[in-house]
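Chains as they are written, first to last, in our numbering: chain A, 1 to 161; chain B, 1 to 161.
All the given hints hold, so there is nothing to weed out.
Which bits of chain B does chain A cover? Going by a derived footprint, with three or more residues having C-beta under 8 angstroms, they are:
(1) 34–48
(2) 80–90
(3) 106–115
Calculated directly from the structure, the hints in this document are not laboratory data. All C-beta atoms in this analysis are idealised placements derived from N, C-alpha and C, irrespective of residue type, glycine included.
There are 2 protein chains.
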Amino acid sequence: MGFDNLTTCRYLLSVSENIRLSAVRFGADGLVPVVTQESRSGDVLMVAYANREALERTLSTGLAHYFSRSHGRLWQKGETSGHVQRITEVRLDCDRDAVLYRVEQTGPACHTGTRTCFSTVIGGTGGRADGAAAEEDPGGHVLSRLARTVASRAAARPEGS
Amino acid sequence: MGFDNLTTCRYLLSVSENIRLSAVRFGADGLVPVVTQESRSGDVLMVAYANREALERTLSTGLAHYFSRSHGRLWQKGETSGHVQRITEVRLDCDRDAVLYRVEQTGPACHTGTRTCFSTVIGGTGGRADGAAAEEDPGGHVLSRLARTVASRAAARPEGS
Chain A
1 MGFDNLTTCR YLLSVSENIR LSAVRFGADG LVPVVTQESR SGDVLMVAYA NREALERTLS
61 TGLAHYFSRS HGRLWQKGET SGHVQRITEV RLDCDRDAVL YRVEQTGPAC HTGTRTCFST
121 VIGGTGGRAD GAAAEEDPGG HVLSRLARTV ASRAAARPEG S
Chain B
1 MGFDNLTTCR YLLSVSENIR LSAVRFGADG LVPVVTQESR SGDVLMVAYA NREALERTLS
61 TGLAHYFSRS HGRLWQKGET SGHVQRITEV RLDCDRDAVL YRVEQTGPAC HTGTRTCFST
121 VIGGTGGRAD GAAAEEDPGG HVLSRLARTV ASRAAARPEG S
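One chain only, chain A, in its complex shape:
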C-alpha cells in the first residue's frame, strides 16, 4: 500500500511537470507576472513580467529571463550586472496566470543594490498579526535575523563578542 501511494504520487508529479508552458495563460499584452523567490531564505526578491519566449529561455537555460515592459525587450537578469538568478524551480498558479521562479540569487536582486526589491515597509506589525511580537522581525527569516544580530552587536560591541 505504501508502494502504491508512492507510485501514484510520482505519476501525478510527472503529469504536472508535463503541463509546462502550454498551460500558461498570458494576458492581452502577452505577458504574465512573475514572482521571484530566493530558494534558500524564502525571501520574495522581486516581481517582474515574462512573455512566452522569456519563459522558454528560463526553462532551457536555467537562468531567469524576463520581458521588460519599459524597454520592450527580453532580458536575462544579471546580463550586465552579473547578478544572475539560477533557477531551482518554476511553478504556475491555480489560475495559470502567475508564475513563481524559485532561484539562487548571485549578489543583490535589486538594481538599487539592496538584497530584495521589497525594502519599503508601508504597514503592519512586522511580526505577529496580533501585534504581540516580542522582537521586531520584518524578514522573519534566519539570514535576515542573523544580519541584524551582527549589525547590532557591531554597533553595541557587548563584552565578550
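Dock chain B against chain A, hints included.
Below, chain B alone, put in the same frame as chain A:
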C-alpha cells in the same frame, strides 16, 4: 556611536513607514499586483490585485483585501470561506508598482483547497540550481520537508517509528 546608529536606523524606519499609500504607483486600470507570502514558512501563497481602497482596508483592518478583476469588486480574503489572512507586514517594491502582503494564513490559501496557489511545477530541478540535489525538495521549507517526512514514514512504516 552605537546609540547614534540605532537612532538613525529607527528614524529611517519611521520615515519609510510613513511613505505609505501615497507612494504606490497603480496601473492604468487602477490596480497593483500583490504577492501574498506566509510569514512563518516564507511560502508564496498567491498573486492577486489591489486597488487603492483594497490597500486602505488591508492597512486599517489588518486583514488582506484585494480587488477581483473577474468580479469587478473589492473582496476580503476568506469573507465566505473563513480562510482569512492576518497581515503581519505590507511592503512596497523599489519601482513602487508591486506590493507584498506578509500574512498568517487561516486554512488553505487556494480556492482549490491546496495550501498555496502555486501547486503546479512546470520546470526546474526542485532543489539546487546545479541539478545536484541529493534530495527532491520542491518547497525548500522546513514545514514542507516535515510533511513529506511524515507522509513517507506513514507509507513505509520503518521499524522504530
